[in-house]
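S.K.: In case you want the letters, here they are:
4 protein chains.
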Amino acid sequence: MNERRGFASDNHAGVHPEVMAAIAEANEGHAEAYGGDPWTARAQQRFREHFGSGAQAFPVFNGTGANVLCLEALTQPWQGIVCARTAHLNVDECGAPEAAGRKLLVVDTPDGRLTPEHVAPLLVRIGDEHVVQPRVISIAQSTELGTVYPPEAVAGLAEWAHAHGMLLHVDGARLCNAAAALGVPLRALTTDAGVDALSFGATKNGSMGAEAVVLLRDEIADGFRYRRKQAMQLASKMRFVSAQLDALLTGDLWQRSAAHANAMARRLADAVRGVEGVRITQPVDANAVFAILPPAVTERLERDWTFYVWDDNTGEVRWMCSWDTAPEDVDAFAADVKAAVLR
Amino acid sequence: MNERRGFASDNHAGVHPEVMAAIAEANEGHAEAYGGDPWTARAQQRFREHFGSGAQAFPVFNGTGANVLCLEALTQPWQGIVCARTAHLNVDECGAPEAAGRKLLVVDTPDGRLTPEHVAPLLVRIGDEHVVQPRVISIAQSTELGTVYPPEAVAGLAEWAHAHGMLLHVDGARLCNAAAALGVPLRALTTDAGVDALSFGATKNGSMGAEAVVLLRDEIADGFRYRRKQAMQLASKMRFVSAQLDALLTGDLWQRSAAHANAMARRLADAVRGVEGVRITQPVDANAVFAILPPAVTERLERDWTFYVWDDNTGEVRWMCSWDTAPEDVDAFAADVKAAVLR
Amino acid sequence: MNERRGFASDNHAGVHPEVMAAIAEANEGHAEAYGGDPWTARAQQRFREHFGSGAQAFPVFNGTGANVLCLEALTQPWQGIVCARTAHLNVDECGAPEAAGRKLLVVDTPDGRLTPEHVAPLLVRIGDEHVVQPRVISIAQSTELGTVYPPEAVAGLAEWAHAHGMLLHVDGARLCNAAAALGVPLRALTTDAGVDALSFGATKNGSMGAEAVVLLRDEIADGFRYRRKQAMQLASKMRFVSAQLDALLTGDLWQRSAAHANAMARRLADAVRGVEGVRITQPVDANAVFAILPPAVTERLERDWTFYVWDDNTGEVRWMCSWDTAPEDVDAFAADVKAAVLR
Amino acid sequence: MNERRGFASDNHAGVHPEVMAAIAEANEGHAEAYGGDPWTARAQQRFREHFGSGAQAFPVFNGTGANVLCLEALTQPWQGIVCARTAHLNVDECGAPEAAGRKLLVVDTPDGRLTPEHVAPLLVRIGDEHVVQPRVISIAQSTELGTVYPPEAVAGLAEWAHAHGMLLHVDGARLCNAAAALGVPLRALTTDAGVDALSFGATKNGSMGAEAVVLLRDEIADGFRYRRKQAMQLASKMRFVSAQLDALLTGDLWQRSAAHANAMARRLADAVRGVEGVRITQPVDANAVFAILPPAVTERLERDWTFYVWDDNTGEVRWMCSWDTAPEDVDAFAADVKAAVLR
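Protein chains in written order, with the numbering used here: chain F, 1 to 343; chain A, 1 to 343; chain L, 1 to 343; chain V, 1 to 343.
The shape of chain F in the complex, shown without the other chains (with noise of 0.2 Å):
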């Protein structure tokens, strides 16, 4: 393993301590499979606290799980998801959505974030049967581009959504980033906001590999039991996973750890900001940094650092932190692509 960690993703750092002690805390004697178990109560309860007490938190596998098993929950076959262009949903499931069943209506925004203008123009020919029905606005907090919606910014979609009878979901596979960085709880930026649904990511926050649906209305959840077993997302000894999501949720382990990467994106920002030919191209709002660097200057990175070419035609690449990235892990960077430039 590199003794450096990279900036390729946020999914490539291990697990934090305190998830591994709360894991390790959990294999203890038997406890009933399938989430009949005290450590899925507890983490129920987590959630409660924070997204209000008629949350209902189921966990899942992974993010794609968490996604597709809510648009399913807040859509018929022929209702509609409305997103970004840049949307996880759209070029980074594999068809997931649709293998279920379900269109995206994509849209095209700059930063990855929608407003109810870019919505709007979609909500023609509603009741004609040919015509898949706009059902659902699905937004990424924070976005796959590392901007955040601040809470009016979801309130004012999810109002809007809920005038024109949609909903909105939240792809949280980094709400935590983007609460921290907005130094508000959870809550502000879904329940308190009008949120429908959420997948809630902790994954990427430190965790092994737990995610969780968040239902927030209560018909949303008829049957969801089913439909989670049904998509292949029930895990037998879920104590394990939910042993996770406790652990995150206790306390401000969600909290500091979102922060952490989010302030070392930050510093990585700073650090090559006023750099020449290195250009930044989105507010480094959470845990990303956008950037467009000359070509030689990728390549000559990428011998000793990982990171992802976001767009090949204009050389964009994206350096993600984590909650493990270390300040020298930056600071060495930072001096890389500063070396990279004047060779």
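I should point out that these hints are in silico values taken from the structure, not numbers from a laboratory. C-beta: ideal position from N, C-alpha, C; glycine also. Just to be clear, a hint being listed does not mean it is correct.
Said to hold, decoys possible - Distance windows between CB atoms, simulated:
#: 1; chain 1: L; residue 1: S53; chain 2: A; residue 2: A296; range: 40 to 46 Å
#: 2; chain 1: A; residue 1: R85; chain 2: V; residue 2: G223; range: 24 to 30 Å
#: 3; chain 1: L; residue 1: P38; chain 2: V; residue 2: G52; range: 40 to 46 Å
Chains A, L and V: place on chain F using the hints.
M.R.: For chains A, L and V alone, coordinates are given in the frame of chain F:
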């Protein structure tokens, strides 16, 4: 938690210390996500060692995922899968095979085991477009009734299947138990017997949550990577799944754990076999004991112990042993069975 | 073409002259596509006359479409449909219900008819997320074995279904034959008996290609229009489908044609009943005769006549009459049966 | 019914007398169901005459069925279909492609036509399991905007597709109009241009309800019969569908009807082209005229005539001509356009 371990399910058991150690060891620095890590490479090597150099292993989250993905890879949408009525596939997956668009062709068997004689009557109307065409025979090893197919039975089924244009799938959620019971290597029951694809189970045998699709013919593997992703079974931090598989298949852990569970089931069967009113209904080949008890006896036992009533009509119960069942658990339970009968 | 009509299927018959005339009359000028035409409005009115003012009829192309759409509308993906093993749904739709993600729960019946006693044993593990939850009983009227449910049997099933949280669907591909056989109006076997949804068949009863989904409860119809379009069952020039349904349901054409087919089956059954070696195996309630013949007799008959061997193992054959079967066809065939036996 | 024919859709037209006669002629005695009849054999022969001896034609009910079945046959579930944003597939099928589990990859085009330049940017991340892999280019001929691809454009797309591991599908709902417009045989735009699969439309060109999947490569046809049945597109009394296809493709009926519709569209375009405030927005290659009118003019016209407003934002309308549009219809309508403008 109970101090004593119950007999409800091998899914109620925790994680074997050696597996837990392997998980902890995998938590070191950054590693490529989605399977591009050394632990996954090592696990795949282990599968080749056990199942032959042509075996392609794909770690997944759970048994439902492994089974459904195998069956999808082996069939076109209009091809059917023959299985026992008691098959997990048929009764315990909440219709996941059908949700994936596949039809199960169900046959009755007294002990959960299929023979060519069960399948042959289904081979009618071949080539008739109105009829789902039988394509796969799916057997469970060990079966849901705790019975085991010896290598020659598997080989006979594979040979018959291939002679009739069909393929053989093994739901190996408890393959280790079957192999341990027979004292044969894993490949004797799979690769060497002509099996085409395998769901390999680790979770019930002391893992935290790790299964694998093992494809034993190249052409089946074509495009399988996409299938796994689309079916929401691709782990991001896969190293922690693969480390479990690697630990189980390195040295004799798979065999040791399974053999112990089997021995505990035999110990239990031996202890209660003579008890009046208790009738053992299936051969105790692996780690399960099936028995019919008077309802009053069952009720008394349920006050202190966990186990499943298998058939409400007959009063048949299932007692399942696991890698961590202690002889003292068995002896105490057997004593309580006797006491409950005498009352 | 044969001058004589065979006994293979009521699908082999052509179009009744009155239906053909109705189609020709509908071919006048322009009419709105996709059902916004007067013929469709008239057909829907006819359905309300026959099935009650709450009946909502949706013309579709074929029986598979009608059946699958009914079942989808009646169930969530994790809810199962109980049907006879011999049901068309189960054996002749090439897995279309499963392709739509629904699981059939198949039970054995001697004569194709279901009773509550067949269904009751399936009502186990209610509320258990691992198990497809039985939600619909689907019966065929007349059955695939030519038998008929009297109104009180349908009502009994409906009442039982509703008392157990289930719904009743009728595959009415030959509903007209059943009603004609019993001398009752169509609603006696459906609306008045408590049926929830119906696949109404016109094609086999003298139409060219026209079936309808008839929904008898408002809430089932919610969104159904989208479902029909998405399932590729929405006709563009729908007036030509609707004109067939209108013709059949105006006056007594539905009854006249079906009664004639039924009478021909009885005539055939009566003619061969005493013949040595010929055993009629099912009550001849509607337009089908099932009989077991010596294989040599079947072979001789097949030289001059078309019909299906129903069961290769027993030698059972099916002789199906249709709206255009002539008494002379029956008499000639019966004479050939006798001759073939004597040879 | 209106005495005058409107301009809403070629689906509003009735059935051509020659097609109606062919249907009536097919109504003679018994014929094997599900395609084993002489009319189907004859229609398939016609398709071979028009599309080459390797063409395999499968009659289906409607265009949605033809399109979705083609796309399913051409792709694995994780492979995507590139189409224009305006494609019928994308906007008018109520998500039927997605309901079949396939993802559309949508690109913007000014006139409904795709070129390799539109598709090339989508060929990124090939081999990356997170991304739906582009596999098919689907073009409409004529397009939904009334434009036509000349043979060399189709051949260019096919060549490019094949060079990049892709296949070319033609949604030929109005293929006859395109071929008639160009004065070329049907195969010039399909088989000879390298097309792999085709949805052949007859309904809009004077049929009652008849389309066909035409597969131009053997390997695509493998198992297709089962697919058609499972997708509920197999007609029982298929002879009446096939007779329509046979009639259209025998002699020059396909050409005559389509050429007439095209001529009527040109007549209309010519008549209104100079009218103040009326701007024709697309080349009038086939049987559609697209124009932008002042909203008040549109409103006045809608009192007496049927046609579609294509784009509420721009005021663009679509005027569609059909096989039965009379010159007098066109002249009266054009006169009303002028009158409405002057008011």
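S.K.: It remains to establish, for every hint, whether it holds in the given structure.
M.R.: Here is how each hint holds up against the structure:
1. S53/L to A296/A: 40 to 46 Å: At roughly 56 Å between Cβ atoms, A296/A and S53/L fall outside 40 to 46 Å, so the hint is violated.
2. R85/A to G223/V: 24 to 30 Å: Because 28 Å falls inside the window, the suggested range holds.
3. P38/L to G52/V: 40 to 46 Å: Hint holds: Cβ distance 43 Å, inside 40 to 46 Å.
Of the hints listed earlier, the one the structure fails to meet is number 1.
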